[in-house]
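When the letters of the sequence shown are read in order and numbered with the numbering used here, they come out as residues 403 to 618.
Misleading hints may appear alongside valid ones.
Said to hold, decoys possible - Pair ranges (Cβ atoms, derived):
#, residue 1, residue 2, range
1, Gly481, Pro536, 29 to 39 Å
2, Glu554, Glu520, 18 to 28 Å
3, Glu520, Pro460, 45 to 55 Å
4, Ala483, Ser526, 13 to 23 Å
5, Glu515, Arg462, 50 to 60 Å
6, Arg609, Pro536, 17 to 27 Å
7, Pro551, Pro487, 23 to 33 Å
8, Pro502, Gly466, 51 to 61 Å
9, Glu515, Leu591, 19 to 29 Å
10, Asp419, Ala486, 21 to 31 Å
11, Glu515, Leu461, 51 to 61 Å
12, Asp595, Arg404, 30 to 40 Å
13, Pro551, Glu515, 12 to 22 Å
Because the hints were derived from the structure by calculation, they are not lab data. Glycine residues also receive a C-beta, built at the ideal position from the N, C-alpha and C atoms.
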Amino acid sequence: MRLVPASDRALLVVFDDAITDAAARDVRRLHAWLCDEPLPGVVDLHPAYASILVRFDPLRADPGAIEDALRDRAGRLAGHAEPAPRTIEIPVRYGGEEGPDLADVARATGLVEREVIERHAGASYDVRFLGFSPGFPYLAGLPASLFTPRRESPRRRVPAGSVAIAGAQAGIYPLASPGGWNLIGRTDLVLFDPRREPPALLMPGDRVRFVPASAR
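Input sequences plus hints: build the corresponding full structure.
Here it is in structure tokens:
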């Protein structure tokens, strides 16, 4: 673990320079610990694939004390339990107008569309972090046989609920927005609602299973 100053009021806790399962476990453990037992002066936490951005109020906290506390907790993570994950099912209508890139993904991977759906829905995914737009989950667990490059030309508008893949990642667009991932289906679940508590349906550490709508 190393600490990188991100500003005069933020420290980046880095566990690895690569995306690894071990780093993800350390991120989840430290994030849960900092949520359960907050450090004085810390105002926000932003977990990512292999790091956590810790924001603090410099008028209420000494940066040196924050750094010492983070080093101490990072050094004792092995004895701190990882929070139990929730499993969330996401019903998906694959293909057609709601998954316009399904045929392209099938051609790129040498599969037929049915096989793409079966492999995508047959995997279990971990929510590593939320980013890009409010509530957008970056999901690890996409089968290697479905790894597909991003679209050469991003769309100006991707509908809310679009289920997508790009590279080794899977995700779901919570809001209508531009996007360059391959759209293979859509869900009716609302992933982000500012009137809800918490606003995001999915949280880091959750597990996701995609269920074809016809199978429900």
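A quick look at each hint next to the structure:
Range check, Gly481 to Pro536: about 34 Å between beta-carbon atoms, so the 29 to 39 Å window is met. The given range of 18 to 28 Å is respected by Glu554 and Glu520, whose C-beta atoms sit roughly 27 Å from each other. The hinted window of 45 to 55 Å between Glu520 and Pro460 holds, with their beta carbons roughly 52 Å apart. In this structure the hint that Ala483 and Ser526 lie 13 to 23 Å apart at CB holds, the actual value being about 21 Å.
Our hint of 50 to 60 Å for Glu515 and Arg462 holds, since their Cβ atoms are close to 55 Å apart. Arg609 and Pro536 have their C-beta atoms about 21 Å apart, which keeps the hinted 17 to 27 Å range intact. Between Pro551 and Pro487 the CB atoms are about 29 Å apart, so this pair conforms to the stated range of 23 to 33 Å. Separation of Pro502 from Gly466 is about 53 Å and conforms to the stated range, judged on CB atoms against 51 to 61 Å.
Between Glu515 and Leu591 the Cβ separation comes to about 23 Å, which falls inside the hinted range of 19 to 29 Å. Checked against the hint of 21 to 31 Å, the C-beta distance between Asp419 and Ala486 comes to roughly 29 Å, which is consistent with it. A C-beta distance of roughly 57 Å is found between Glu515 and Leu461, which places it inside the suggested range of 51 to 61 Å. Checking the proposed 30 to 40 Å range against Asp595 and Arg404 shows it holds: the Cβ atoms sit about 37 Å from each other.
Distance hint for Pro551 and Glu515: a CB-CB separation of about 18 Å, consistent with the stated range 12 to 22 Å.
Every hint, counting from the list given before, is met by this structure.
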